[in-house]
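Participant: Residue strings, one per chain:
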Amino acid sequence: MSGQAELPIADHPAARPTIRSLSAVAAQWIVRIGDRLNPILVKETRQALKSRQFGITFGLVLLCGWVWSIVGVAMAGPHVFYGVHGPDMFFGYYVILAFPLLVIVPFGAFRSLAGEQEDRTYELLSITALGPRQIVGGKLGSAGVQMAIYLSAVSPCLAFTYMLRGIDFPTILFILLYTVLGSLALSVAALLVGTLTAEKHWQVVLSVLSILGLVYAFGGACALVMETLNWADLPFGESEFWQVNGAFLTAYVTYFALLFYAASAQLTFVSDNRSTRLRFVMLIQHVLCVGWMSWFWIGPARGEEEVLLAFMILIGLHWYVMGAFMIGESPDLSPRVKRRLPQSFLGRVFLTWFNPGPGTGYLLAVSGLLAALLMVVLGVAAQHLFESWNLSRWSSRYTSVTLAFGLLGASYATIYLGLGLLVIRFLRRITQVGILLNLLIHVLLLMLGSGVPVVIQLMSPEFRYLDYTLLQITNPLWTLAHVADRSNLPAEAAVLLLLIPFTAAIVFLLTLPGVAREVRQVRVAKPKRVAEEDAELTPVRPVKTSPWDN
Amino acid sequence: MPDSHPMIELRCLHRYFDQTRAVDNVSFAVGRGQVFGYIGPNGAGKTTSMRILATLDLPTAGDAFVDGFSVVDDPDRVRRRLGFMPDYFGTYTNVNVREYLDFFARSYRLRGEKRTDAIDRVMEFTGLDALADKPTDGLSKGMKQRLCLGRALIHDPAVLVLDEPAAGLDPRARIQLRQMIRTLADQGKTVLISSHILTELAEICDTVGIIEQGRLLAVGSVEAIQSPEQKLQNTVEVRVLDRVDALGEWLARRTDVTNLHVDGDSVRFFHVGDQEAAARLLRAIIEAEFQVTAFGSRRRSLEDVFMQVTEGLVQ
Numbered sequence: 001m002s003g004q005a006e007l008p009i010a011d012h013p014a015a016r017p018t019i020r021s022l023s024a025v026a027a028q029w030i031v032r033i034g035d036r037l038n039p040i041l042v043k044e045t046r047q048a049l050k051s052r053q054f055g056i057t058f059g060l061v062l063l064c065g066w067v068w069s070i071v072g073v074a075m076a077g078p079h080v081f082y083g084v085h086g087p088d089m090f091f092g093y094y095v096i097l098a099f100p101l102l103v104i105v106p107f108g109a110f111r112s113l114a115g116e117q118e119d120r121t122y123e124l125l126s127i128t129a130l131g132p133r134q135i136v137g138g139k140l141g142s143a144g145v146q147m148a149i150y151l152s153a154v155s156p157c158l159a160f161t162y163m164l165r166g167i168d169f170p171t172i173l174f175i176l177l178y179t180v181l182g183s184l185a186l187s188v189a190a191l192l193v194g195t196l197t198a199e200k201h202w203q204v205v206l207s208v209l210s211i212l213g214l215v216y217a218f219g220g221a222c223a224l225v226m227e228t229l230n231w232a233d234l235p236f237g238e239s240e241f242w243q244v245n246g247a248f249l250t251a252y253v254t255y256f257a258l259l260f261y262a263a264s265a266q267l268t269f270v271s272d273n274r275s276t277r278l279r280f281v282m283l284i285q286h287v288l289c290v291g292w293m294s295w296f297w298i299g300p301a302r303g304e305e306e307v308l309l310a311f312m313i314l315i316g317l318h319w320y321v322m323g324a325f326m327i328g329e330s331p332d333l334s335p336r337v338k339r340r341l342p343q344s345f346l347g348r349v350f351l352t353w354f355n356p357g358p359g360t361g362y363l364l365a366v367s368g369l370l371a372a373l374l375m376v377v378l379g380v381a382a383q384h385l386f387e388s389w390n391l392s393r394w395s396s397r398y399t400s401v402t403l404a405f406g407l408l409g410a411s412y413a414t415i416y417l418g419l420g421l422l423v424i425r426f427l428r429r430i431t432q433v434g435i436l437l438n439l440l441i442h443v444l445l446l447m448l449g450s451g452v453p454v455v456i457q458l459m460s461p462e463f464r465y466l467d468y469t470l471l472q473i474t475n476p477l478w479t480l481a482h483v484a485d486r487s488n489l490p491a492e493a494a495v496l497l498l499l500i501p502f503t504a505a506i507v508f509l510l511t512l513p514g515v516a517r518e519v520r521q522v523r524v525a526k527p528k529r530v531a532e533e534d535a536e537l538t539p540v541r542p543v544k545t546s547p548w549d550n
Numbered sequence: 001m002p003d004s005h006p007m008i009e010l011r012c013l014h015r016y017f018d019q020t021r022a023v024d025n026v027s028f029a030v031g032r033g034q035v036f037g038y039i040g041p042n043g044a045g046k047t048t049s050m051r052i053l054a055t056l057d058l059p060t061a062g063d064a065f066v067d068g069f070s071v072v073d074d075p076d077r078v079r080r081r082l083g084f085m086p087d088y089f090g091t092y093t094n095v096n097v098r099e100y101l102d103f104f105a106r107s108y109r110l111r112g113e114k115r116t117d118a119i120d121r122v123m124e125f126t127g128l129d130a131l132a133d134k135p136t137d138g139l140s141k142g143m144k145q146r147l148c149l150g151r152a153l154i155h156d157p158a159v160l161v162l163d164e165p166a167a168g169l170d171p172r173a174r175i176q177l178r179q180m181i182r183t184l185a186d187q188g189k190t191v192l193i194s195s196h197i198l199t200e201l202a203e204i205c206d207t208v209g210i211i212e213q214g215r216l217l218a219v220g221s222v223e224a225i226q227s228p229e230q231k232l233q234n235t236v237e238v239r240v241l242d243r244v245d246a247l248g249e250w251l252a253r254r255t256d257v258t259n260l261h262v263d264g265d266s267v268r269f270f271h272v273g274d275q276e277a278a279a280r281l282l283r284a285i286i287e288a289e290f291q292v293t294a295f296g297s298r299r300r301s302l303e304d305v306f307m308q309v310t311e312g313l314v315q
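Sequence lines, in order, name chains D and F.
First residue of the first sequence: 1, per the numbering used here; consecutive thereafter.
First residue of the second sequence: 1, per the numbering used here; consecutive thereafter.
Chain D with its partners taken away, still in its complex shape (with noise of 0.2 Å):
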């Protein structure tokens, strides 16, 4: 063998040139990535790295899994090499690995926040180019970093569990990946919490809450874990099973869209738009609640009432609390908002409900719960004139009382949510109505119309040992459940079905003068000063236009 032959392949000098290149390009491209990268995450890195909290936290994580190695396997003893130990040292470390990834990294993305604003260094990010998602991503991405920290020290123990038997691999996966997802739920949920205030003492309180929700999230997760591997094996084989699991991850997707949106919103500079983003969001979720429940209902179900029930209940309380939150907002937009107005005629007609403003959301409430009424009557009809579907088929009682219970729903929710608007709009002529001033208005509303009449009937004595009468038909949970809770309409249904409806459309017309208020507002043409900027800035182009926008 030549000396030249034997030199190491990096050192030869045909290879030098195009390892060097490669490094160079690869160098290139990690400078060039890191620059991408979101400062936020950047800066909490390093900070993290350098923590002694951080620090702390991972040698317990490293030691706890360390000893519950030894203490389990000392446990077993000999029969560790032929017994079944592989769900209980799971279980072990699942909650070694689940403390930190369900309670102190959410709650230090809370504290990330809350603390920002306590120092105010909050202040001098919000002035900067960074805009309020990038702040909530950048918080959200250094809770991913630590996550994946966390993961891979205890990624080997779990590993090591597979091989005690009793447990396979895509159980492990599974668990890890609905853990990883609670994590960065629970973590966006409490960055949201922690742009709730700025105040000193609702953050003493905002913080003892979030360790209690957390811990209880905590217990919640390791109970399930534990239910989960008592079980034989989950059912990867069998359809419905993904497809429940491909509706849940749909709704966390999308609910997981609308928490990270909203924690946005509230960081987002007074005089910008809030809520069109987050009405995209909510009408994308009413549309794959929609698909999911047809594809059901259609599908495994074939046309089991409960489905519609189930579908018209969640449905339901979507758009009650969404319209709750929506109705909180200013009537008054700012001329910034209004440079952005749909000006079109389609524009107007199609988007205009999507604009911020406490009319424009009652509206769409109320259109969400209309549409998913129509989709019920639809759903029902389809049961009657498509045989070749196979569906169940219901008596015309099932029927009735499913159509009535999706009317009235939808009727007390017109109802309360519109009486919640008036409240507030008359409310805003004396003072400043904040989100927790008009979230406590509609708790009020609604404990009202269902507590009053609840007390009156157990304080009366001719009343108190009969079950449903018309005293309770403003309370919309007992009338729901008092419909829904039989295989044919109830005595009272006629009054019912004449008059919630009734004073739902009374509702409704009472609020259409503000309403339309708001619908009448159009865009504003943009400053001056900002035009020359733009025409600076951008090219011109050829104008084109859109029928939703000109």
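It is possible that part of the hints are untrue.
Pairwise CB distance ranges, derived in the manner of DEER restraints [claimed, not checked]:
hint	chain 1	residue 1	chain 2	residue 2	range
1	D	291	F	116	22 to 32 Å
2	F	282	D	118	51 to 61 Å
3	D	209	F	20	24 to 34 Å
The hints are simulated quantities; they were obtained by calculation from the structure and are not laboratory data.
In this text, a Cβ means the ideal position worked out from N, Cα and C, and glycines have one as well.
We have chain D already, so just place chain F on it with the hints.
Facilitator: What follows is chain F alone, placed relative to chain D:
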């Protein structure tokens, strides 16, 4: 870029906190490359107006503009042009000086060499080169002030808003800070600066605005905000061996003396007239058989102007 608009403009700015009028109908404008001194006692409304300019607060009524852009409607465009140094430090734990500046440079979307150059330039300008690896929370107050100035300068803004930048600094650091601000103004940056130390502002400001209880009482150069009569006034201090009260009474009878204060063995007052008139006054005091041990006459300072402008105008 058109130069028709001022770089900073406050138009009928109001900011109320419940019943308190923190800023009450304040209007002024600052041109490109000017240094504007914002003077007022604690709680006068300086910080509130500056926070509105920095897009950290919203006015109750009126508007403020930076390079022609409204702070209410176009905060993003304002932020690109403005560097704000608040009256607190805002440092992070476990971050050194270079990392701190790097973070803010990234936050202003400076990438690659531009970012490195900006950090180097700012560290050199503020004299922080030697402390690049020092943790920010371990810096002295003076060094923290420099770091905060560096952070405000990292994206090379055209407008700087500095809220009490000299507060708590030692004399050497103050002089250095003053020199830095003057250099920035010479580079064409528009600077709005507030300070309690009026002698410093007088040296570096082209224009001053005096604010008290939210109301702007006077705006202009130190010369311009004095009335023609005030421009002829000097501040005089006379020290005597004895009979200081008698001297006070004697001086109070004169028509060319105002704002008289007796303090220990000395009397301070405004005297109308030039230096020759001051010499004649000294001669008259000696002829009235007062035993003068010291006599000083100087032009009215910014402090004197401030005291006179704010006195009695806002109740």
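Participant: All the hints need checking, so say for each whether the structure fits it.
Facilitator: Consistency of the hints with the structure:
1. D:291 - F:116: 22 to 32 Å: With a Cβ separation near 50 Å, residue 291 of chain D and residue 116 of chain F fall outside 22 to 32 Å, so the hint is violated.
2. F:282 - D:118: 51 to 61 Å: 60 Å, holds
3. D:209 - F:20: 24 to 34 Å: 32 Å, holds
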